[in-house]
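Student: Read top to bottom, the protein sequences are chains X and V. Every position in the first sequence, counted from 1, becomes a number in the working numbering once 1 is added. Every position in the second sequence, counted from 1, becomes a number in the working numbering once 12 is added.
Source of the hints: derived by calculation from the structure; they are not laboratory data. In this text, a Cβ means the ideal position worked out from N, Cα and C, and glycines have one as well. Where hints are given, some of them may not hold.
Label-pair distances were calculated between CB atoms; the ranges are [to be verified]:
1) V:220 with X:136: 49 to 57 Å
2) V:837 with X:27: 21 to 29 Å
3) V:782 with X:49: 49 to 57 Å
4) X:141 with V:182: 32 to 40 Å
5) X:141 with V:834: 52 to 60 Å
6) V:293 with X:49: 33 to 41 Å
7) V:901 with X:26: 45 to 53 Å
8) X:9 with V:67: 20 to 28 Å
Straight-line alpha carbon distances no greater than 25 Å define the calculated SDA-like cross-link-like pairs of lysine to any residue that follow [as the list claims (entries may be wrong)]:
9) V:456 with X:15
10) X:71 with V:28
11) X:5 with V:853
12) X:5 with V:518
13) V:485 with X:15
14) X:17 with V:853
15) X:9 with V:465
16) V:465 with X:122
17) V:855 with X:69
18) V:456 with V:509
19) X:69 with V:182
20) X:9 with V:855
21) V:138 with V:180
22) V:704 with V:761
23) V:465 with V:499
24) X:71 with V:184
25) X:5 with V:677
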Amino acid sequence: MLSKAAIKELNEIRQKYPDASAALLPALYIAQREFGYLGADAYEAVSDALGVPRAIARGVGTFYAMYKHKPMGRHIVQLCTNVSCMILGAEKLSDFLKNKYGLETGGTTPDKRFSLVIMECIGACGTAPAMLVDDDFYENLTEKYIEEILEKYK
Amino acid sequence: MITVTIDGKEIKLEKPVTVLEAARSAGIKIPTLCWHEQLERYGGCRLCLVEIEKMPRLQTACTFMVADGMVVRTETEQTANVRRGILEFLLINHPLDCPVCDKAGECELQNLVGKYGPAKGRYKEKKRKVPESLEDPIIVRNMERCIMCTRCVRMCEGVQGASAIDVISRGGHSHIEPFSGGKYDCEYCGNCISVCPVGAIMSRLHRHSFRPWQMENEIETICPYCGVGCTLIVQVRDDVIKRVVPRIGSVVNNGLLCTRGRFGYEFVGSKERLTTPLVRIAPKTQSGVGSQESTLSQPPFDKGGSQGGVISELFREATWEEAISLVAKKLSEIKEEYGNPAIAGIASPRCTNEDNYIFQKFMRVALGTNNIDSTARTGFAGAQSFIENIFGQGATANIISGLSNSDLVFVIGGDPTTVNPILGLQIRACSRNGGNILTIGNFKGLEYFSPQKLVPVLYTEDILLEGIVTVLKNKKRLSDANSKLEAKIKDISTSIEDVKNICKIEEKDFNEFLNILSESTNPSIVIGKETAQSNGASYKLLLLSAINYLINGRLYLLSDRANEQGLLDMGCAPDILPGYRPVSYVESKRRYESIWESELPGKTGLTIFEMVNAAKNGSLKAMYVMGENPVYNLPDSKTVEAALRNIEFLVVQDIFLTETGKLADVVLPALSWAEKDGTFTNMERRIQRLRKAVNGNGMEDWRIISEIARNMGKKFDYSNAEDIFNEICKASPLHKDLTYEDIEKGGGIYPYKGEPLRDGMEEIQVHNAERLSVNGKLYLRIERPLFHSGTLSRRAPALVKIYPEAVVRISPDTAKALSFKEGEVVRVSTKIGSIELPVVIDKALDNFSVMLTNNFEGKSAYRLMGYDIEPVTRASVLDGNTVAIEKAGL
Ligand code: SF4
Ligand code: SF4
Ligand code: SF4
Ligand code: FES
Ligand code: FES
Chain X
2 MLSKAAIKEL
12 NEIRQKYPDA
22 SAALLPALYI
32 AQREFGYLGA
42 DAYEAVSDAL
52 GVPRAIARGV
62 GTFYAMYKHK
72 PMGRHIVQLC
82 TNVSCMILGA
92 EKLSDFLKNK
102 YGLETGGTTP
112 DKRFSLVIME
122 CIGACGTAPA
132 MLVDDDFYEN
142 LTEKYIEEIL
152 EKYK
Chain V
13 MITVTIDGKE
23 IKLEKPVTVL
33 EAARSAGIKI
43 PTLCWHEQLE
53 RYGGCRLCLV
63 EIEKMPRLQT
73 ACTFMVADGM
83 VVRTETEQTA
93 NVRRGILEFL
103 LINHPLDCPV
113 CDKAGECELQ
123 NLVGKYGPAK
133 GRYKEKKRKV
143 PESLEDPIIV
153 RNMERCIMCT
163 RCVRMCEGVQ
173 GASAIDVISR
183 GGHSHIEPFS
193 GGKYDCEYCG
203 NCISVCPVGA
213 IMSRLHRHSF
223 RPWQMENEIE
233 TICPYCGVGC
243 TLIVQVRDDV
253 IKRVVPRIGS
263 VVNNGLLCTR
273 GRFGYEFVGS
283 KERLTTPLVR
293 IAPKTQSGVG
303 SQESTLSQPP
313 FDKGGSQGGV
323 ISELFREATW
333 EEAISLVAKK
343 LSEIKEEYGN
353 PAIAGIASPR
363 CTNEDNYIFQ
373 KFMRVALGTN
383 NIDSTARTGF
393 AGAQSFIENI
403 FGQGATANII
413 SGLSNSDLVF
423 VIGGDPTTVN
433 PILGLQIRAC
443 SRNGGNILTI
453 GNFKGLEYFS
463 PQKLVPVLYT
473 EDILLEGIVT
483 VLKNKKRLSD
493 ANSKLEAKIK
503 DISTSIEDVK
513 NICKIEEKDF
523 NEFLNILSES
533 TNPSIVIGKE
543 TAQSNGASYK
553 LLLLSAINYL
563 INGRLYLLSD
573 RANEQGLLDM
583 GCAPDILPGY
593 RPVSYVESKR
603 RYESIWESEL
613 PGKTGLTIFE
623 MVNAAKNGSL
633 KAMYVMGENP
643 VYNLPDSKTV
653 EAALRNIEFL
663 VVQDIFLTET
673 GKLADVVLPA
683 LSWAEKDGTF
693 TNMERRIQRL
703 RKAVNGNGME
713 DWRIISEIAR
723 NMGKKFDYSN
733 AEDIFNEICK
743 ASPLHKDLTY
753 EDIEKGGGIY
763 PYKGEPLRDG
773 MEEIQVHNAE
783 RLSVNGKLYL
793 RIERPLFHSG
803 TLSRRAPALV
813 KIYPEAVVRI
823 SPDTAKALSF
833 KEGEVVRVST
843 KIGSIELPVV
853 IDKALDNFSV
863 MLTNNFEGKS
873 AYRLMGYDIE
883 PVTRASVLDG
893 NTVAIEKAGL
């Protein structure tokens with residue numbers, strides 16, 4: 002079930018679009034926030050709130066890799082391992098995440114604090130290696146810097 | 013005028029169309045995969061690429077519009093190379109398992125690869141593996157074979173309007189899935205199966221049981237389930253129905269089917285079918301309710317074997333000669349001893365016009381009684397004659413496809429998408445075409461079609477309708493075209509306060525609804541059975557007629573039986589003769605007396621409900637039931653059962669040993685719809701041809717009755733259904749001079765060549781029923797599910813798999829108040845009985861309603877529902893059945 006506040010938010014978003022299916026993407030973000038990821042419950046909630054058939058909501062949601070499609074940690078670490086980042090040691094950083102935090106690619110820490118997603122170039126090649134934690138952007142990463150950064154996310 | 017040249021052929025076109033359409037109009041075939049004539053264009057597969065002069069690149073014929081002077085080449089070396097390339101790509105992940113694929117032989121991909129190649133692929137990587145999904149009981153999904161043409165998705169969303177499937181994920185991982193990822197839980201129309209070009213989604217009903225080219229026969233006939241009358245193509249091999257498919261271009265359903273029509277055919281081959289006449293050996297006891305239930309409760313279809321046990325306890329097998337002469341003798345004796353009024357007959361909305369015509373002729377000529385009726389009396393018959401009395405005969409004979417061209421459809425009294433599914437699709441199409449859908453009540457099947465809803469408190473619809481008439485009559489001018497109705501309209505008036513306070517409708521919603529309604533220029537009104545079976549039905553029908561008159565609309569009466577209309581037109585009613593001529597007209601009586609060379613009874617007969625009463629009080633001595641199961645299909649079925657036990661001589665003619673059959677003295681095995689010729693008249697009053705597809709054990713209903721009539725010394729000489737039809741068309745002024753040939757050429761559209769009844773309309777009578785107050789109580793109402801229709805559907809394994817057991821539906825608030833969880837087994841009790849069954853919590857329900865279907869043996873709504881008779885329409889009134897629900901086993 003969506004919270005009252007989320008339903009209100011959804012209704013406001015709905016008003017900005019000409020029809021219900023156009024409001025699907027932002028609505029799915031809200032549902033993802035509420036449910037933690039997009040699963041059957043989230044799609045059904047969005048479907049009920051917008052009046053869009055649930056199979057269609059799921060079809061749209063699963064098209065986008067940037068939604069969470071399975072339960073994930075509270076914070077998402079998105080580490081780039083594409084060419085520039087790789088040359089400047091991103092793979093070592095990924096080993097570091099694994100050894101220090103138990104974070105495997107695509108995995109979640111046992112305390113559900115972090116999940117790790119490996120990215121293909123986040124446009125920071127000049128200041129590589131780089132990563133995103135949730136919506137925050139970090140560059141020129143080192144192991145020590147990563148430790149400092151992750152301390153901020155509980 | 014546009015002139016284009018395609019493959020050297022000059023084509024002239026009135027208006028711009030796509031290159032593909034232009035080519036098709038000239039008989040030039042361009043290969044396609046994602047294009048389908050029933051679907052919106054897509055342009056996804058690129059197989060239809062063609063060369064167009066002066067264009068630098070190839071263009072997709074299915075999306076590219078023609079222009080004057082265009083020169084197109086559809087088959088060149090270049091197009092062949094491109095097509096081969098595309099096909100090579102489509103095959104990279106394809107399992108190439110054609111030897112075990114049911115589609116092989118009618119697969120568009122296989123045929124195209126056969127034509128263009130490649131003979132060998134160059135792809136060296138591992139193929140994508142997706143296990144075949146057998147999670148659904150009806151539809152098997154094999155995503156390795158899918159070519160992502162999205163035809164199924166466009167069908168489900170854009171035509172069927174169910175939106176149950178979509179493309180999941182993207183790129184090489186794309187696949188088609190229903191919401192759950194496994195089971196479909198959809199409307200199971202199977203229309204996605206029709207349009208899939210490959211073997212990616214297919215029916216499990218005939219899985220691995222034949223090859224398409226092994227089909228021995230294809231017969232075009234009419235669906236046996238509802239009043240829409242869809243055309244079916246029945247495919248047969250070894251005298252067994254293997255598959256039922258629609259035909260693109262057929263008038264009523266144009267390439268579409270609903271779940272019952274497509275998947276409901278297996279009852280024909282059921283092991284439970286009757287094969288020989290049976291004569292009763294067991295005494296007829298008026299024993300306690302408990303033991304009655306035990307003899308009546310039947311094993312489900314898949315345990316058909318034990319049916320034999322029930323039969324041999326109650327009956328012995330008899331020859332046709334013995335059974336026929338026994339029936340003739342007993343009926344003659346009873347007629348002799350007690351007189352004609354002691355005999356009655358129940359006709360069948362599942363039987364053909366020919367069967368029903370012979371039935372009523374037999375009752376009238378051989379048995380001398382007008383005691384003929386049918387389950388049409390429970391709603392349809394009375395509603396139709398009420399409306400026709402106001403607007404004239406044929407007022408409800410409107411073309412179903414006209415709904416999609418209406419600018420407004422007003423729906424009341426039933427969800428058209430479940431009762432008459434293909435008609436429901438026309439309403440969805442109306443919404444898609446920009447029309448308005450207005451509903452009185454909640455109808456789930458229209459939920460995604462932006463209905464403007466007014467949902468009055470249960471049993472207060474009449475006030476809302478009065479409110480609508482009150483506003484409309486002030487907005488519209490009365491023209492004096494129908495003075496009888498106008499006189500009534502003048503008296504109708506209610507205040508907006510009543511609508512607000514009693515119906516609990518917001519004034520704003522009401523006004524908005526009325527603005528839309530009054531501005532419509534081409535409206536249709538669809539009336540369901542719940543209105544016809546409601547308290548004060550005649551008054552509501554008057555109000556709806558008034559609305560229809562004021563907005564100048566068209567009326568549609570939903571009909572849940574295939575030949576409900578035909579049976580009435582054949583005169584299977586206590587007060588009408590064939591051609592819908594009143595018994596009370598001396599002129600029509602004389603006409604039939606001279607044609608049938610027999611004196612006819614002048615008094616109108618008993619309705620089906622009066623027959624039950626007469627049986628109960630002992631005045632009815634014999635009853636002949638053809639293709640109907642009154643013990644199951646009439647409300648208060650336990651009383652019906654007791655009444656029928658009371659009858660001295662009961663003949664039941666059917667394809668199964670029904671609950672009613674078990675009470676019979678003689679049971680006669682009839683042929684099913686797929687085993688005989690004849691005609692059905694659909695709810696548009698269109699007459700259509702049924703054709704025999706397979707052989708069966710038993711005789712046509714008309715033939716059995718004719719044999720009995722002959723045995724009684726009457727002249728009933730017919731050699732086939734066409735003979736009878738010819739007699740009908742000679743006798744009935746409505747069907748005048750019609751022939752099978754005319755019907756086959758499309759001449760079956762009302763009013764045929766006939767004379768509809770013009771004069772003789774009577775005063776409009778209405779019954780002002782006392783309003784039921786719903787305070788704090790729960791009421792039992794009938795759910796009419798898409799997947800069932802009663803006696804037939806419960807013997808169709810596919811439909812049973814989709815909807816396997818009876819459930820009781822309650823609103824979330826009711827569930828909360830009684831603290832019931834979904835699926836919990838509860839006891840549902842009314843004044844006349846109680847049953848136990850699982851709860852389903854249904855968001856669409858109001859807090860006064862409890863819904864139960866009448867489709868499952870022993871757990872049917874009619875066993876719990878008492879009824880009153882509406883004095884004007886003489887239909888059963890099912891409103892006001894209070895119900896209690898409690899935890900089971902307490
Ligand atoms: S069977 Fe009908 S409702 Fe179900 S997925 Fe196919 S098209 Fe849609
Ligand atoms: S399942 Fe069939 S119709 Fe649907 S996308 Fe795949 S190939 Fe096309
Ligand atoms: S809509 Fe009615 S007639 Fe058509 S297929 Fe379905 S049940 Fe048969
Ligand atoms: S390669 Fe890592 S940011 Fe571009
Ligand atoms: S048929 Fe034209 S692109 Fe598929």
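Student: If a hint holds in the structure, say so; if it doesn't, say that too.
Tutor: Hints versus structure:
Our hint of 49 to 57 Å for residue 220 (chain V) and residue 136 (chain X) holds, since their Cβ atoms are close to 53 Å apart. In this structure, residue 837 (chain V) and residue 27 (chain X) break the distance hint of 21 to 29 Å, their C-beta atoms being roughly 42 Å apart. Between residue 782 (chain V) and residue 49 (chain X) the beta carbon distance is about 39 Å. The supplied range of 49 to 57 Å is therefore violated. The given range of 32 to 40 Å is respected by residue 141 (chain X) and residue 182 (chain V), whose C-beta atoms sit roughly 33 Å from each other.
Separation of residue 141 (chain X) from residue 834 (chain V) is about 55 Å and conforms to the stated range, judged on CB atoms against 52 to 60 Å. The hinted range of 33 to 41 Å is not satisfied by residue 293 (chain V) and residue 49 (chain X), whose Cβ atoms lie roughly 58 Å apart. The supplied range of 45 to 53 Å is met by residue 901 (chain V) and residue 26 (chain X), whose beta-carbon atoms lie about 49 Å from each other. The hint said 20 to 28 Å for the Cβ distance between residue 9 (chain X) and residue 67 (chain V), and at roughly 53 Å that hint is violated.
Simply put, residue 456 (chain V) and residue 15 (chain X) have alpha-carbon atoms about 22 Å apart, close enough for the 25 Å limit, and the pair holds. In summary, the hint linking residue 71 (chain X) to residue 28 (chain V) is not supported, as the alpha carbons are separated by about 49 Å, beyond the 25 Å threshold. With a C-alpha separation of about 22 Å, the suggested pairing of residue 5 (chain X) with residue 853 (chain V) holds against the 25 Å cut-off. Restraint check for residue 5 (chain X) and residue 518 (chain V): satisfied, since their Cα atoms lie roughly 24 Å apart, inside the 25 Å limit.
At roughly 38 Å between alpha-carbon atoms, residue 485 (chain V) and residue 15 (chain X) are farther apart than 25 Å, so this suggested pair is violated. Pair hint residue 17 (chain X) plus residue 853 (chain V) does not hold up; C-alpha atoms about 33 Å apart against a cutoff of 25 Å. Proximity of residue 9 (chain X) to residue 465 (chain V) is assessed by CA-CA distance (about 22 Å); at most 25 Å being required, the pair is judged to hold. At roughly 51 Å between alpha-carbon atoms, residue 465 (chain V) and residue 122 (chain X) are farther apart than 25 Å, so this suggested pair is violated.
Straight-line distance between C-alpha atoms of residue 855 (chain V) and residue 69 (chain X) comes to about 29 Å, which puts the hinted pair past the 25 Å bound. With a CA separation close to 29 Å, the supplied pair residue 456 (chain V) and residue 509 (chain V) exceeds the 25 Å bound. Using a Cα cut-off of 25 Å, the hinted pair residue 69 (chain X) and residue 182 (chain V) holds, with the two alpha carbons roughly 15 Å apart. Between residue 9 (chain X) and residue 855 (chain V), the direct Cα distance comes to roughly 20 Å. Compliance with the 25 Å bound is thereby established for this hinted pair.
For a cut-off of 25 Å, the pair hint linking residue 138 (chain V) to residue 180 (chain V) stands: about 21 Å separates their Cα positions. With a C-alpha separation of about 22 Å, the suggested pair residue 704 (chain V) and residue 761 (chain V) falls inside the 25 Å cut-off, and the hint holds. Proximity of residue 465 (chain V) to residue 499 (chain V) is assessed by CA-CA distance (about 29 Å); at most 25 Å being required, the pair is judged violated. Only pairs whose Cα atoms come within 25 Å are accepted, and residue 71 (chain X) paired with residue 184 (chain V) is accepted, the gap being roughly 20 Å.
Annotation: proposed proximity of residue 5 (chain X) to residue 677 (chain V) is violated, straight-line Cα distance about 65 Å (limit 25 Å).
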